[in-house]
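Protein chains: 2
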Amino acid sequence: MKRPLILVTNDDGYNAPGINHLIEFVKEIAEVVVVAPDSPQSGMGHAITIDSTLEVHRLDLDGAYKGLQAYSTSGTPADCVKLALHEILDRKPDLVVSGINHGANSSINVIYSGTMSAAIEAGVEGIPAIGFSLLDYSWGANFDACKSVIQTLVKEALDKGIPSGTVLNVNIPKTDGAAVKGMRVCRQAKANWKERFDKRVSPTGKEYYWLTGDFILLDEGEDTDIAALEAGYVSIVPTQFDLTAHHSMAHINSWKIY
Amino acid sequence: MKRPLILVTNDDGYNAPGINHLIEFVKEIAEVVVVAPDSPQSGMGHAITIDSTLEVHRLDLDGAYKGLQAYSTSGTPADCVKLALHEILDRKPDLVVSGINHGANSSINVIYSGTMSAAIEAGVEGIPAIGFSLLDYSWGANFDACKSVIQTLVKEALDKGIPSGTVLNVNIPKTDGAAVKGMRVCRQAKANWKERFDKRVSPTGKEYYWLTGDFILLDEGEDTDIAALEAGYVSIVPTQFDLTAHHSMAHINSWKIY
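Chains as they are written, first to last, in this note's numbering: chain A, 27 to 284; chain B, 27 to 284.
Just chain A, same shape as in the assembly:
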């Protein structure tokens, strides 16, 4: 029997520690091809490159990449998945994994997440996909606890499939190497960011802003991803790209629009 094929990508760029760990973990299970951005793409949401050109370079690296078919691209995470599926790969992958992101993509962060946009792009094309994020922004983060989480979920996804129209948003608590308490299937917590713009003046007198802000949790539910993570569990949110708010249709149908 042929080994399953896993496409690996991310949004922090091909040289991030997170993707290097992800490659190490999944190549014990499957044949791996990597197509990842050549530079960090955090906050890119579901951006794709139109009206501009894309470059692709074959990588010849040691470490996790040794002996692998791997490419960097000038595009976004969603571009990487499109390029891999339609230009680079000879066969359809059995699974696409994205990450391991350096930092959380729980709650409302999913909509800003390049990591998840790659997984969603794969899902749109009918391929099972999982985005992995670790709640540690540090480049020197400890990924030890991620190994069994990721290998367990990848094996289950390959074995049992992921329902059509759904991709998984997996966030892993920061444990500094200790094992996680377990995993929970959750809903996305309601939250937003309270933005602050740090206004500065350049040496030449030009005003500019840096975006900063605080995460505001608007959800006391115990069944959310935030609650699971705070309790030391991995959160798994089944995530869809059919955005229709069916529960709001009756209200809009009550408008005088006919």
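Check the hints yourself; a few may be wrong.
When chains are identical, the list treats them as one kind, so a pair holds in a single copy or across two.
Claimed, not checked - In the PhoX-like style, the derived pairs of lysine-lysine whose C-alpha atoms are separated by at most 20 angstroms in a straight line are:
#1 Lys28 <-> Lys118
#2 Lys28 <-> Lys282
#3 Lys173 <-> Lys282
#4 Lys173 <-> Lys216
These are computed hints drawn from the structure, not numbers from a lab.
Please arrange chain B on chain A, whose structure you already have, making use of the hints.
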């Protein structure tokens, strides 16, 4: 009574005909402030600018902009909304409108859409929001049929509100000036893009790609946005940013992950 306040933005840039028409249509109804990108941002999805600076310039223009408080920014559509709400506006707007996009944002295009990302950003911050798109990519598109559609929906939204957690994705068929047949509240049609990458070589011998592709409708339903548009109706899809796929939780809970 104070006139309602409407924030106008888009993803084609402040000088696009679409946003100029949108401003003309809504300033008959409300006080208007414009905060829009200084250049086209199509395909930006829900990108935000982190790890980079943002510039804001006050605009002093004639035509639709005459006498208005208006700004261009170096950011994405989502950045424009964040800047408006947290830095520029003195009071919370009653409604955010984005568009009129030059080209469709129906079906799966919603996830790639800068126009809709601005509306979604407003929705996340608890402000009613609508994204408008016209099914005509041309810069010289005829926006006549959009006027009554937009004014009707803006008045209804101000009067009756939009349910919390929901923003509206409104697409308007190309009629070349004739009235639309009516409006339908729809679900997002299932579809994807069959990508093709046009591979070329630069004068200096460097290979690069252009993304192109065909829209593939995977949905025969008569209740979708695509079906409404094909029949000559405006499609209104209530769109949510809680991406939880509740119907897939049981499947993932059946995995051996505990």
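Provide an ascending list of the numbers of those earlier hints which the structure does not satisfy. 2 and 4
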